[in-house]
Structure formats: structure tokens, C-alpha cells
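Number of protein chains: 2
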Amino acid sequence: MIKEIISAISSGKRFLITAHVRLDGDALGSELALAWMLKDLGKEAVIYNQDATPGHYRFLPGAENIVSELEHLDRYDVGFILDCSELERIGKIAADVTTIKTLINIDHHVSNGGFSKLRLLDPKASSTGELLYRLMRKMHVKLTEEICTNLYAAILTDTGGFRYSSTHPDTLRAAADLVQGGASPQWISENIYESDPPAKLKLLSRVLETLELDLELQTASLVVTFDHLRQTGASMEHTDGFIDIPRTVKDVAIAMVYSQIGDNQFKLSLRSKGKVNVEKIAARFGGGGHINAAACRIEGDLAGIKARVRQAVKEL
Amino acid sequence: MIKEIISAISSGKRFLITAHVRLDGDALGSELALAWMLKDLGKEAVIYNQDATPGHYRFLPGAENIVSELEHLDRYDVGFILDCSELERIGKIAADVTTIKTLINIDHHVSNGGFSKLRLLDPKASSTGELLYRLMRKMHVKLTEEICTNLYAAILTDTGGFRYSSTHPDTLRAAADLVQGGASPQWISENIYESDPPAKLKLLSRVLETLELDLELQTASLVVTFDHLRQTGASMEHTDGFIDIPRTVKDVAIAMVYSQIGDNQFKLSLRSKGKVNVEKIAARFGGGGHINAAACRIEGDLAGIKARVRQAVKEL
Chain H
35 MIKEIISAIS
45 SGKRFLITAH
55 VRLDGDALGS
65 ELALAWMLKD
75 LGKEAVIYNQ
85 DATPGHYRFL
95 PGAENIVSEL
105 EHLDRYDVGF
115 ILDCSELERI
125 GKIAADVTTI
135 KTLINIDHHV
145 SNGGFSKLRL
155 LDPKASSTGE
165 LLYRLMRKMH
175 VKLTEEICTN
185 LYAAILTDTG
195 GFRYSSTHPD
205 TLRAAADLVQ
215 GGASPQWISE
225 NIYESDPPAK
235 LKLLSRVLET
245 LELDLELQTA
255 SLVVTFDHLR
265 QTGASMEHTD
275 GFIDIPRTVK
285 DVAIAMVYSQ
295 IGDNQFKLSL
305 RSKGKVNVEK
315 IAARFGGGGH
325 INAAACRIEG
335 DLAGIKARVR
345 QAVKEL
Chain L
35 MIKEIISAIS
45 SGKRFLITAH
55 VRLDGDALGS
65 ELALAWMLKD
75 LGKEAVIYNQ
85 DATPGHYRFL
95 PGAENIVSEL
105 EHLDRYDVGF
115 ILDCSELERI
125 GKIAADVTTI
135 KTLINIDHHV
145 SNGGFSKLRL
155 LDPKASSTGE
165 LLYRLMRKMH
175 VKLTEEICTN
185 LYAAILTDTG
195 GFRYSSTHPD
205 TLRAAADLVQ
215 GGASPQWISE
225 NIYESDPPAK
235 LKLLSRVLET
245 LELDLELQTA
255 SLVVTFDHLR
265 QTGASMEHTD
275 GFIDIPRTVK
285 DVAIAMVYSQ
295 IGDNQFKLSL
305 RSKGKVNVEK
315 IAARFGGGGH
325 INAAACRIEG
335 DLAGIKARVR
345 QAVKEL
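Sequence order for the protein chains is H and L.
Numbering follows our numbering, in which position 112 of the first sequence is assigned residue number 146; successive positions increment by one, without gaps.
Numbering follows our numbering, in which position 149 of the second sequence is assigned residue number 183; successive positions increment by one, without gaps.
Worth flagging that the hints you see were computed from the coordinates, not collected in a lab.
We put the beta carbon where it would ideally sit given N, CA and C, even for glycine.
Heads up, some of the hints might be wrong.
In silico lysine to aspartate or glutamate, DMTMM-like type, Cα no more than 20 Å apart, as pairs [to be verified]:
#1 L/K309 - H/E228
#2 H/K236 - L/D285
#3 L/K135 - L/D111
Chain L residues, not near chain H, derived (Cβ > 10 Å throughout) [stated by the list, open to error]:
#4 K47
#5 E78
#6 E120
#7 K151
#8 L263
#9 I277
Sequences and hints are given; from them, build the entire structure.
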């Protein structure tokens, strides 16, 4: 299969690259690295994403060229669908993209059943970035500094900073080669993880006061209210990553953040360690997600909501 | 020099291993990995530390055998002083340890002037753990699961989770080999970073209230006092990692934590981004470290100390 993909790259002239909505570091780093490689090979490569690039990924080389509007999809010889287990995950162009004759799907999600004829799938790979690294090695293309930086960002973020079980020896060897090729671990980490506004820390300080531990059920929760935002000058997007904080407590199996979204409504975000399935809790309240990460919206006063969630955890 | 060290290992029978006070992951992981290697070679190896092993490092294989009392130092053939730029950093046995005929210092601190005849020093190494990895490779000893786990923990923690500029291609290649040899990135990370007592989050909440940003000098600081510990039931070891929090603010070049260590004395921990050299600041107050991570002890009242540090940053 990889030979057919290389042959499609070799014969194509105009390439479209896209990835899933709600962009993350793996989607963006993979798209950009692939675009750089194609351009270095003298091809035309356009990256389309439905969603805007989040602020902390705008430093990635080439990010300024990503487009969010597309016309004439049929002008592309090849369409790359990256980091998607289903075609629908790319958003509103999902139907039209099938007018491109050759679609290539590169992905590492376990649930990927294979929606395109040409595909490079490996659920054991840490990231789509790692799969692209393998492909580029196979093609003997030059791993430029731009490519290395983007692939390193992809691998770094999708392994949670080399912390998840998907961090294999080959993952770290790929990372080593990418650093050798010009990726700066410090600069990349600083841009992704250390570019928060001061208001975020002020918000964190207030929110940590709401920490509640339930040792019986092994849960830990935080609450973010409109009042907290007003008091600190922060906005709801600054709560990104807060869910990882109650996780750090020993013996906590489920971490929860209740974020106010209305006068009488909260969004509940859930994360679990190991085999605890929080998707089931979210589903009880009409939400969804995966075994270790899920979310839902619940109406009511906070005390009442917490009591209902506690009951749902008990019945898990 | 490395040949003489290998020869001293080969001819010695009884080995003492120690490291600096205020133990960190590099000190402990290095000590333990070395002890495992020596025992695998049929030697006697005793690890002595003045301070107790912090809770989140007690999972490290062999940590239960570390002693905090020593008699008859002259019975050891070789004494390993790890991760210390000065002999005094090992604490109260510093004077007596010189009764051991052969001392070997393995360290990566820039400020290390070389206090022992036998030494393996490289300020470019990410960690003492990486230096031991090199030594063991040179010796062709088997990297057992216990050795790999300890060395991985050493490298992981001293690179801030592979984020500091000290993360070189060889650092990541060493990490890859260690994972291949049985180190589990997920298990090690969970034990070190996600096994905190609830009191740590309570302490963090209090300490975040002390956040001070100096936009002119691009510094951000936190303060931890004895009062904070009393109020939250936490201990000073729970401040581990707090220094990384002011770092997350955009445009902060230097992160600082002032930790009270006496009625009128604070330890200042410094971390910098990019090429800002905080070792120079620490050196001004008689401390040491590396370009991006350094520490010192300063006497006086907090306001006076902060003013002196501010001046030192200005003159950087």
C-alpha cells in the first residue's frame, strides 16, 4: 500500500491536505509537514481546515498559509485526509472532497475502518505525525527544519508530552531524528505549553479553591463560574488544561470540571485513568466521548447537579 | 578518565553512592541505576542520602534500600558523588566521605570545577542519568528493567519532561533505548506527576495567590512560606513542580519560586526560557545550576530579598 501512496505522490501535481475539525497538534503538525514535503518536491499543496488554527499552534512553520475557504475541489489530483478515522470528521467539505479522484487517509485511530482505497493506518503509531515520519523516511526526502518542527509538534502533543502508553522506542527515536534535523524541543514546548495569558493563572488560583475530593468514589472536581471569569479577567477558553489538574492527585480515578455555561447550566468535562469509562457517565446526561474523556451539559443548580453526577458515578 | 573510572569500578568491592541534599529525580534515579549495575556486577553498593526520598520517587526500583545513617565510611573502596557540583552539597557526611580512598564525581552542572580526581563531567549532558547511560553503554553491562526505569526517570525529570534545551538527539535516543529495555513512559510519568496528595493542590491554590508578574523584566514569581504549609497540611517537598507554573505565562522569560527554609532565609529556584542564563543570577548569591535551571539560598526578609534579586536580573 505504501508503494501505491508514494506512486500517487510522485505522479500528482496538485494536492489538497485536510484533517479533522477541532484541530489539535497532531492534525496541524502533520498537515504542515506534508505540505512542506510536497512543495519541496515541486508540487502544489493547499491545506484546508474548517476551523481556525488555535493561537498556540500559529507559530508552526507554514501555519499562516492554511485556508478555510475552498473552491473547485475537482482541480486537485490527490486529497490527503489526515488524522481522521471517518471522512465526516473533516467537516463541511466531507461530501465534496470525494470528487477528488485519489484520496489518501493517514491515521492512527483504533476505530478507523478504512474509508479510502489508499491508506496508511497503524493504531500502534503514537500519532499521524509518526506515520508521516515513516513515510518520508521511506521516500528518502530531506527532513528540513520546517518538516522536523511540525512533525515533532505532532508527536509531542499526541503523546501528551511523551507520557502516554503510545510512547514507544520508535516514537522517541523519531523525535531524536527530528531534533537532529532542526526541531527545537524547548522552543516548540514553550510555544505550545508556555504561552498563556497571566489571567489564566489568576483564574487557576481561584478555581483551585473549589477542589472537592471524594475519596470513596475516587473523584476530584473543580468548578469554574462566570464570577471566577469576571474576578480574574479570564475567559472560558483559558480553562483549557484545567481538567488535567485534579488528575494529578493520587488514587483519583475520575477528574471532573464543572464549567458554567448559563445561569442555571453547567458543562461537565470528565477524564479518567486506566479502564474507568467516563463516556457512560456523560451518556447518562445526553453527552458523549470516549472511555477516558467525555463531556455533557446539565441543567440545574450546582449542588443538585453534583448530587446527580455522584449518583451516576456510584452506578457506574 | 572514563577508563580509570571503569577500572576503579572493576577493582572495587564495596561502593558508597550518594548525591545532593533536596533530592530530585536525577539524583535518585542515577543513584539507584548505579547501585543496580554494581550489584549485577557482584559488588556491594550502599546508597546514602541525608534527606528522605520524596513520596513520588518511592516507586523507583530499589528506593526502599536507601539509608540515611552511615557508620565506618572507611570501609568503602569507592565513593560515588552524583549530580553534585560541590562536595558540600551531599550534606553532613561531606567531611567524612573524604576518608574513602577513591571518590568519583559524575555530574552535568556547568558550575562544577572538579573536586575529585576521578570525574565524569559534561555540562552538555541533559542529566547525570544520561552520563550514567553513556558509562554503562561503554561498560557493555546489561541495561536491566530496573536500571532502565531509574535512568529514564532521571532523564525525564531533569529535562522537565523533554522540554528543556538540554534535550538533545542523544538524550531522546537514550530514552528510546531505556524504553526498549523496559522503562514504561506512562507508568513512570503517572507515578512522578500524577500521584500527589490532595494537600499539594491546596498548597498550590494558596501559593498561586502570591503570583507576581514583572512585565518589564519578564519575570514571574511565587512564594511558599511555612505559614502556607501549616495552613494546608502540605510539606516543602510538595512544592516540586511549582516552578513550572509561572513559566506557562506568555512572555515570561524567568520563573522564580521563593521557598522559605528558615525564619529569615529563602531558597530561590529559577527557570528560564530560551537563552536567558539564570545560573548567573544564582551564582550572584552563591548558588549554581545550569543556564535554564538554577537555585540559591538568600538570607533576609522577603521584600529585601526580592529587591536584591530584581537588581540581579536587571544586571543580567
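Results of checking the hints against the structure:
1. Of the supplied pair hints, the one linking L/K309 and H/E228 holds, its CA atoms being roughly 15 Å apart against a limit of 20 Å.
2. Of the supplied pair hints, the one linking H/K236 and L/D285 holds, its CA atoms being roughly 16 Å apart against a limit of 20 Å.
3. Note on L/K135 and L/D111: the hinted pairing holds, with a Cα-Cα distance of about 6 Å set against a maximum of 20 Å.
4. L/K47, annotated as away from the interface, keeps every beta carbon of chain H farther than 10 Å; the closest lies near 35 Å.
5. Every C-beta of chain H lies more than 10 Å from that of L/E78, the closest at about 33 Å, which supports listing it as non-interface.
6. Every Cβ of chain H is farther than 10 Å from the Cβ of L/E120; the closest lies at roughly 27 Å, confirming the non-interface assignment.
7. The Cβ of L/K151 lies farther than 10 Å from every Cβ of chain H, with a closest approach of about 34 Å, so its non-interface assignment holds.
8. Every CB of chain H is more than 10 Å from the CB of L/L263 (nearest about 16 Å), matching its label as outside the interface.
9. For L/I277, the requirement that its beta carbon stay farther than 10 Å from each beta carbon of chain H is met, with the minimum near 12 Å.
Hint compliance for this structure: every hint is met.
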